[in-house]
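Novice: Going letter by letter, the sequence shown gives residues 1 to 678 in the UniProt record's numbering.
Simulated from the structure, these hints should not be mistaken for lab results.
One should not assume that every hint holds.
Claimed, not checked - When the alpha-carbon atoms are kept at most 20 Å apart in a straight line, the in silico DMTMM-like pairs for lysine to aspartate or glutamate are as follows:
1) Lys570 <-> Glu493
2) Lys150 <-> Glu201
3) Lys522 <-> Asp511
4) Lys231 <-> Asp157
5) Lys231 <-> Glu197
6) Lys147 <-> Asp157
7) Lys53 <-> Glu125
8) Lys405 <-> Asp469
9) Lys474 <-> Asp535
10) Lys141 <-> Glu105
11) Lys147 <-> Glu105
12) Lys621 <-> Asp511
13) Lys461 <-> Asp535
14) Lys461 <-> Asp410
15) Lys595 <-> Asp535
16) Lys60 <-> Glu125
17) Lys570 <-> Asp511
18) Lys113 <-> Glu201
19) Lys150 <-> Asp187
20) Lys483 <-> Glu493
21) Lys400 <-> Glu418
22) Lys570 <-> Asp535
What the hints assert, rightly or not - DEER-style ranges, computed between Cβ atoms:
23) Glu486 <-> Val529: 26 to 32 Å
24) Val529 <-> Gln374: 55 to 61 Å
25) Ser154 <-> Ser75: 34 to 40 Å
26) Asp448 <-> Leu323: 49 to 55 Å
27) Tyr633 <-> Leu380: 52 to 58 Å
Glycine included, each C-beta is placed from N, C-alpha and C at the ideal position.
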Amino acid sequence: GGKDRRSGLILTIPLCLEQTSMDELSVTLDYLLSIPSEKCKARGFTVIVDGRKSQWNVVKTVVLMLQNVVPAEVSLVCVVKPDEFWDKKVTHFCFWKEKDRLGFEVILVSANKLTRYIEPCQLTEDFGGTLTYDHMDWLNKRLVFEKFTKESTSLLDELALINNGSDKGTQQEKERSIDLNFLPSVDPETVLQTGHELLSELQQRRFNGSDGGVSWSPMDDELLAQPQVMKLLDSLREQYTRYQEVCRQRSKRTQLEEIQQKVMQVVNWLEGPGSEQLRTQWGIGDSIRASQALQQKHEEIESQHSEWFAVYVELNQQIAALLNAGDEEDLVELKALQQQLSDVCYRQASQLEFRQNLLQAALEFHSVAQDLSQQLDGLLGMLCVDVAPADGASIQQTLKLLEEKLKSVDLGLQGLREKGQSLLDQISNQASWAYGKDVTIENKENVDHIQGVMEDMQLRKQRCEDMVDVRRLKMLQMVQLFKCEEDAAQAVEWLSELLDALLKTHIRLGDDAQETKVLLEKHRKFVDVAQSTYDYGRQLLQATVVLCQSLRCTSRSSGDTLPRLNRVWKQFTITSEERVHRLEAAVAFHSSAEKILQECPEQPEAFNEMEQFDEIEAVGKSLLDRLTVPVVYPDGSEQYFGSPGDMASAAEHIREKMKLVSLKKQQLRQPEAATPES
1 GGKDRRSGLI
11 LTIPLCLEQT
21 SMDELSVTLD
31 YLLSIPSEKC
41 KARGFTVIVD
51 GRKSQWNVVK
61 TVVLMLQNVV
71 PAEVSLVCVV
81 KPDEFWDKKV
91 THFCFWKEKD
101 RLGFEVILVS
111 ANKLTRYIEP
121 CQLTEDFGGT
131 LTYDHMDWLN
141 KRLVFEKFTK
151 ESTSLLDELA
161 LINNGSDKGT
171 QQEKERSIDL
181 NFLPSVDPET
191 VLQTGHELLS
201 ELQQRRFNGS
211 DGGVSWSPMD
221 DELLAQPQVM
231 KLLDSLREQY
241 TRYQEVCRQR
251 SKRTQLEEIQ
261 QKVMQVVNWL
271 EGPGSEQLRT
281 QWGIGDSIRA
291 SQALQQKHEE
301 IESQHSEWFA
311 VYVELNQQIA
321 ALLNAGDEED
331 LVELKALQQQ
341 LSDVCYRQAS
351 QLEFRQNLLQ
361 AALEFHSVAQ
371 DLSQQLDGLL
381 GMLCVDVAPA
391 DGASIQQTLK
401 LLEEKLKSVD
411 LGLQGLREKG
421 QSLLDQISNQ
431 ASWAYGKDVT
441 IENKENVDHI
451 QGVMEDMQLR
461 KQRCEDMVDV
471 RRLKMLQMVQ
481 LFKCEEDAAQ
491 AVEWLSELLD
501 ALLKTHIRLG
511 DDAQETKVLL
521 EKHRKFVDVA
531 QSTYDYGRQL
541 LQATVVLCQS
551 LRCTSRSSGD
561 TLPRLNRVWK
571 QFTITSEERV
581 HRLEAAVAFH
591 SSAEKILQEC
601 PEQPEAFNEM
611 EQFDEIEAVG
621 KSLLDRLTVP
631 VVYPDGSEQY
641 FGSPGDMASA
651 AEHIREKMKL
661 VSLKKQQLRQ
671 PEAATPES
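Let's have the full structure, built from the sequences with the hints guiding it.
Specialist: As structure tokens, then:
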């Protein structure tokens, strides 16, 4: 870094005790001499050969080597001799005598006298100077510079090749050149950072003297390196900017090609294997299990489509991002890709949804059909069981249950028709997404199956309705039969109650003829009521016989109710006749007695015949005797009218009237007895 008095650069060659390799020294000198500019070289070099730690023959060899390495550039060679001079060696070889042959002047000088030829400020401390110099620092900086120069030069060539290749030729040539040289051997960012750090170091470096005196300017090689580094950095920035644009364009083109490739993969699969899967799935199944199996198969198809739909979503986002970037040259192509992808995906998604809805409708249809079939089976089973109810209430309950089941079947059939029609409507729209495939045959099978199920259910329901009508008629007849039996039994009970009332309450015979006639008239009306009850019971039993014949069953009335009815009626008839006889006898008794008792005593001629009194007495006695006799029925049983006290009261009243008649008779006889005596 130092300079001689002619402003020539100073080159210091330190020698050591070890053997010095001349080849290495020659290479090193060549390298060092290549650093300065031609202008600096023209001013010449002052070479300091430090031989204080070396041998004379080594020093001589080095000096002679300078003749071959840098003969023209060397103007002065200062050989720094050791304190013990090489007297013998020098006597054999005098450099000053060889000046003409060597081409430069060689002087032997001690270190302390070197300042005679070179200013102290241009000498390092090793030679008694004040020049601050750190060889390791210089070496490190030089290595960094050399590395930067080498890497930047190589990188510039690579970037130029990449950039120039991207600007010329056809698209094929452009892509081929980019593919061959797309990635530089080193990272441009790293090289640029290294260059900036090096330039900053070269621009900011200052060396101060050891005494803090005059500052030292950068060495010529460093001053020379600054513009070289700046030039390289400018070139690198320019080429790197172009390279980044090339990479951006390439990345965009690569991304566009990848998107286009993925779009075509999605489109080709959806329009190919995806559509073929849907084409092969046209059936709706003939049962719940079959429809569920088809649904499971469709879910597998949907699962496969979901993977491609996920790719579609990702691609759509990438295309949207590229569209937002606003590159006019790619907008048309991107929009076309986006539209194509969206059309295919939405169409396929619509087909999947249509197929899913169709299978769901088919499953609901078969579910309703199965429920309806089970209801019809239950109704048919109920109709096939013979009805054997215990009473009319159970029949009414069974009939109500039958009607409820029939109503439920009606609702089920209506629901089946609605589901079937909805399913038929969906099937009729299936051709709209068949991709040109004729699905008429497949649809006809589905339509025939649906219509067949609905017709079969309608026929089964009609048969059940017919059977329900028959069963309803039969059950209504059975209800009527039970009602007739109950009413007939009730008629027997009523007749029994009338008989019981006749025996227990119809006791009085009347106090006179008028009252007795009234009682007799009431009795006849009472008998008419009993007759109506008996006739009603007979009619009910006759209706029971007719209903039993219609129902083909044996009525319990013919063996139980009818004999009871006849028996009670027979007993009532006998009792009623006895009651009539007694009332008629009482009427005759009261009429005769009242007639005699009401006759005036002044007309005795009316009573000429005493036999009338005898007749009244005979009737009264006969009536009293009848009151004591029980009513005897055909089965040998006996019944009395009222209680003994009631009968005694009625008999007492007859006796009192008989006493009056007897007294009247005596009164009439007394005048007759008095007449003969007079």
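Novice: Give a verdict on every hint.
Specialist: Do the hints match the structure? See the list:
Our distance criterion of 20 Å between C-alpha atoms is met by lysine 570 and glutamate 493, whose separation comes to about 14 Å. With a C-alpha separation of about 18 Å, the suggested pairing of lysine 150 with glutamate 201 holds against the 20 Å cut-off. For the hint linking lysine 522 to aspartate 511, the alpha-carbon distance of about 16 Å falls within 20 Å, and the restraint holds. Between lysine 231 and aspartate 157 the alpha-carbon distance is near 15 Å, which keeps this suggested pair within the 20 Å criterion.
For the given pair, lysine 231 sits about 15 Å from glutamate 197 by alpha-carbon distance, which is consistent with the 20 Å threshold. Between lysine 147 and aspartate 157, the direct Cα distance comes to roughly 15 Å. Compliance with the 20 Å bound is thereby established for this hinted pair. Distance restraint check for lysine 53 and glutamate 125: the Cα-Cα separation of roughly 16 Å lies within the 20 Å cut-off, and the hinted pair is therefore satisfied. Taking the CA atoms of lysine 405 and aspartate 469, the gap is about 13 Å. The hint holds against a cut of 20 Å.
The hinted pair formed by lysine 474 and aspartate 535 fails the criterion: a straight-line CA distance of about 27 Å is larger than 20 Å. With a C-alpha separation of about 33 Å, the suggested pairing of lysine 141 with glutamate 105 is violated against the 20 Å cut-off. The hinted pair formed by lysine 147 and glutamate 105 fails the criterion: a straight-line CA distance of about 37 Å is larger than 20 Å. Restraint check for lysine 621 and aspartate 511: the C-alpha separation of about 16 Å stays at or below 20 Å, so the hint holds.
Distance hint between lysine 461 and aspartate 535 is unfulfilled; the C-alpha atoms sit about 45 Å from each other, more than 20 Å. A hinted pair counts as satisfied when its Cα atoms are at most 20 Å apart, and lysine 461 with aspartate 410 qualifies at roughly 8 Å. For the hint pairing lysine 595 with aspartate 535, the CA-to-CA distance comes to about 41 Å; that exceeds 20 Å, so the pair is violated. Among the hinted pairs, lysine 60 with glutamate 125 is inconsistent with the structure: their alpha-carbon atoms are about 25 Å apart, more than 20 Å.
Using a Cα cut-off of 20 Å, the hinted pair lysine 570 and aspartate 511 is violated, with the two alpha carbons roughly 30 Å apart. At roughly 36 Å between alpha-carbon atoms, lysine 113 and glutamate 201 are farther apart than 20 Å, so this suggested pair is violated. A threshold of 20 Å between alpha carbons decides the hint, and for lysine 150 with aspartate 187 the separation of about 13 Å falls inside it, so the pair holds. About 15 Å separates the Cα atoms of lysine 483 and glutamate 493, which keeps this hinted pair within 20 Å; it holds.
Straight-line distance between C-alpha atoms of lysine 400 and glutamate 418 comes to about 27 Å, which puts the hinted pair past the 20 Å bound. Distance check on the hinted pair: lysine 570 and aspartate 535 sit about 13 Å apart at the alpha-carbon level, within 20 Å; holds. A beta carbon spacing of about 20 Å between glutamate 486 and valine 529 contradicts the range 26 to 32 Å that was offered as a hint. Taking 55 to 61 Å as the suggested C-beta distance range, the pair valine 529 and glutamine 374 conforms, at roughly 57 Å.
Separated by about 37 Å at the C-beta atoms, serine 154 and serine 75 satisfy the suggested range of 34 to 40 Å. Between aspartate 448 and leucine 323 the CB atoms are about 51 Å apart, so this pair conforms to the stated range of 49 to 55 Å. Between tyrosine 633 and leucine 380 the beta carbon distance is about 55 Å. The supplied range of 52 to 58 Å therefore holds.
Hint compliance for this structure: hints 9, 10, 11, 13, 15, 16, 17, 18, 21, 23 are broken, all remaining hints hold.
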